[in-house]
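For chain V, the structure is supplied; the task is to place chain G with the ligands on it using the hints.
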Amino acid sequence: MISGKSVQEALEKKKGAVVRVEKVSFSYDGRVDVLKNISFEVGRGDFTAIMGPNGSGKSTLIKLLIGLLKPTTGRIEVMGLDPAEDPRSVQRVVGYMPQRDSISKNLPVKVSDVVLLGRMSRKGPLSITTPSDLREAKRALEYVGVPELWNRPFSALSGGQQQKVLLARALAVEPQILVLDEPFSAMDVPSQESIVEILNALKEERGMTIITIVHDVNPILHHLDLLMLLNRRVVAFGHPLEVLTDRYLLETYGAPVRTVTCESGYCHPILGDRHA
Amino acid sequence: MLEILTTPYLLRALIALFLISINAALSGSFTVFRGQSFLVAGAAHAALAGAALAIVLEVYGVLSMNPLMGGLIFAVLMAISAGYASREGKSERSETAIGVAFAVSMSLAILFISVIPEYSSRAWGLLMGDLMLLTEQDILLMLLATIAVIAFFVLFYREFLFISFDMEGAIAYGVNASRYNYLLTILIATSVVVILKGVGAILVYAMLIAPAAAANEGGRSINSVIAITFLIALLSGLAGIVVSFAFPLSPGAIAGLIAGSVYFIKIIKRG
Ligand SMILES: Nc1ncnc2c1ncn2[C@@H]1O[C@H](COP(=O)(O)OP(=O)(O)OP(=O)(O)O)[C@@H](O)[C@H]1O
Ligand SMILES: [Mg+2]
Numbered sequence: 001m002i003s004g005k006s007v008q009e010a011l012e013k014k015k016g017a018v019v020r021v022e023k024v025s026f027s028y029d030g031r032v033d034v035l036k037n038i039s040f041e042v043g044r045g046d047f048t049a050i051m052g053p054n055g056s057g058k059s060t061l062i063k064l065l066i067g068l069l070k071p072t073t074g075r076i077e078v079m080g081l082d083p084a085e086d087p088r089s090v091q092r093v094v095g096y097m098p099q100r101d102s103i104s105k106n107l108p109v110k111v112s113d114v115v116l117l118g119r120m121s122r123k124g125p126l127s128i129t130t131p132s133d134l135r136e137a138k139r140a141l142e143y144v145g146v147p148e149l150w151n152r153p154f155s156a157l158s159g160g161q162q163q164k165v166l167l168a169r170a171l172a173v174e175p176q177i178l179v180l181d182e183p184f185s186a187m188d189v190p191s192q193e194s195i196v197e198i199l200n201a202l203k204e205e206r207g208m209t210i211i212t213i214v215h216d217v218n219p220i221l222h223h224l225d226l227l228m229l230l231n232r233r234v235v236a237f238g239h240p241l242e243v244l245t246d247r248y249l250l251e252t253y254g255a256p257v258r259t260v261t262c263e264s265g266y267c268h269p270i271l272g273d274r275h276a
Numbered sequence: 001m002l003e004i005l006t007t008p009y010l011l012r013a014l015i016a017l018f019l020i021s022i023n024a025a026l027s028g029s030f031t032v033f034r035g036q037s038f039l040v041a042g043a044a045h046a047a048l049a050g051a052a053l054a055i056v057l058e059v060y061g062v063l064s065m066n067p068l069m070g071g072l073i074f075a076v077l078m079a080i081s082a083g084y085a086s087r088e089g090k091s092e093r094s095e096t097a098i099g100v101a102f103a104v105s106m107s108l109a110i111l112f113i114s115v116i117p118e119y120s121s122r123a124w125g126l127l128m129g130d131l132m133l134l135t136e137q138d139i140l141l142m143l144l145a146t147i148a149v150i151a152f153f154v155l156f157y158r159e160f161l162f163i164s165f166d167m168e169g170a171i172a173y174g175v176n177a178s179r180y181n182y183l184l185t186i187l188i189a190t191s192v193v194v195i196l197k198g199v200g201a202i203l204v205y206a207m208l209i210a211p212a213a214a215a216n217e218g219g220r221s222i223n224s225v226i227a228i229t230f231l232i233a234l235l236s237g238l239a240g241i242v243v244s245f246a247f248p249l250s251p252g253a254i255a256g257l258i259a260g261s262v263y264f265i266k267i268i269k270r271g
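Read top to bottom, the protein sequences are chains V and G.
All letters in the first sequence, in the order written, are residues 1 to 276 by my numbering.
All letters in the second sequence, in the order written, are residues 1 to 271 by my numbering.
No lab work stands behind these hints, which were simulated from the structure alone.
Fair warning: this is a prediction, and the values are worked out from it, not measured in the lab.
Do not rely on the hints blindly, as some may be mistaken.
Stated by the list, open to error - Taking CB as the label site, the calculated pair distances span:
#, chain 1, residue 1, chain 2, residue 2, range
1, G, T7, V, R88, 51 to 61 Å
2, G, V104, V, P125, 32 to 42 Å
3, V, I128, G, L11, 32 to 42 Å
4, G, L231, V, E22, 57 to 67 Å
5, G, L155, V, E148, 29 to 39 Å
6, G, V104, V, N151, 31 to 41 Å
7, G, L11, V, P125, 36 to 46 Å
Stated by the list, open to error - DSSO-like, lysine-lysine: derived pairs with alpha carbons at most 30 Å apart:
#, chain 1, residue 1, chain 2, residue 2
8, V, K70, V, K138
9, V, K23, V, K203
10, V, K123, V, K138
11, G, K269, V, K105
12, G, K266, V, K105
13, V, K70, V, K36
In this text, a Cβ means the ideal position worked out from N, Cα and C, and glycines have one as well.
Bound-form chain V, shown alone:
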């Protein structure tokens, strides 16, 4: 199941690069570079994860990809489009799930509204919700396994439930690329596993390209095509079998990371133990 990809396959992937980042640097204040000289490519249908310590620029990087921020220098291409020049067109093919802490908890918006907001906003101001919009929104919520939440107030849900709803919002726009910022951070293990299965199915069945930020890579490690270790710069990028080494992890996290090698040969970082 994890057999290394053939050269042929790798070359084909390269041709179909959906995301191409070339020598991108970014600074919020014009002084400190939050991201330095970032280059990488993600192919169509690749399942990619980005890992790194807090403040390493992970969220910043994916905001650059979808045109929420513009690179200070360098160039980004998403499906041949430049998100800095034409963010709307890039965003049209992307389903984005922001980090949960960027969302207000101060208003009693319903789950159905949350799931529909993304899809309806894509259709533009003054557009009318049609039965097919409703159907697609409900289907997205079913897909992530929580159809019963449809009528509940979003703010009354648990963190993990909220994340499933936000994932449903991203799926309801029928995207070609999914961009997720820490989708698992508040989920219990069974929920994590079910979402991992969902993401994997999206990749296998619909050929969806998925880029996700994770703190704990272990739940998705075996499904990944690509993994990036990021700490303001790309420490390592490639197949997780090559990337997850003690040396790279040390370089990324600035401290030794305990790892366990599983029977499939994957090196699993145990990040939680660093504090123990």
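Frame of chain V; chain G with the ligands shown alone:
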């Protein structure tokens, strides 16, 4: 006693209260959703400066306009500068900008009023409000402003909701967040001026924030918060008017006390 019910002043007060409650329901709810109550204070004081300037211009014969109009212009300018300061979602920066604009507005208001000491009571009237002394022109202005507020909320409800809930997500899903951020801020400032005319700058908070804050406590949906805010504002206002007939008390102050109490009772009951 009964003929008082048919006096034009009371009728105008009731119409004004109805309009105020609509503004409280729409702009008030979204102010509370966005945690922007400071903007309301800023806009109210800017409006005071604008109204004072309008009176000065009128006294000196430069041009004649309803002080409410001057207030509206200043409040909207304040809203636009606050919107500009918070355009990247940096609310701290907007708080500071509003704070400074607040200080400038009050200084200007006092400056303008000191130019025309003999008319100062007109300007200070806006500080205390005059629900029972509204003219037909006042009502017309309040009505037009309220219709505009309703129209924009109906048209762009979804966009306002999205940027209030998740600014970054809204942008990523194609909402022109900055445009709707400005628009919503301007609508809130417009509502501030409508309410200010009725209850005065000091009590704008009481009518614009307190009812919505009370309704938002344990609110089940956006629509129910808007509806309950409307009812709290309307009923507190009616109670204020009724009490002001029996005792020589300010109807706006009574209304504000009731709306504020509803909020605290809800907070205490929630524990
Ligand atoms: N809007 C902003 N303005 C200024 N600096 C910012 C802004 N957002 C993030 N930063 C800074 O940029 C750096 C990278 O932030 P970013 O949010 O990309 O990190 P992250 O890797 O996603 O961290 P986390 O794991 O905590 O989510 C941090 O030092 C942060 O303080
Ligand atoms: Mg982050």
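Each hint tested on the structure:
no., hint, verdict
1, T7/G to R88/V: 51 to 61 Å, "holds, 57 Å"
2, V104/G to P125/V: 32 to 42 Å, "holds, 34 Å"
3, I128/V to L11/G: 32 to 42 Å, "holds, 39 Å"
4, L231/G to E22/V: 57 to 67 Å, "holds, 58 Å"
5, L155/G to E148/V: 29 to 39 Å, "holds, 33 Å"
6, V104/G to N151/V: 31 to 41 Å, "violated, 47 Å"
7, L11/G to P125/V: 36 to 46 Å, "holds, 38 Å"
8, K70/V to K138/V, "violated, 34 Å"
9, K23/V to K203/V, "holds, 28 Å"
10, K123/V to K138/V, "holds, 17 Å"
11, K269/G to K105/V, "holds, 21 Å"
12, K266/G to K105/V, "holds, 18 Å"
13, K70/V to K36/V, "holds, 14 Å"
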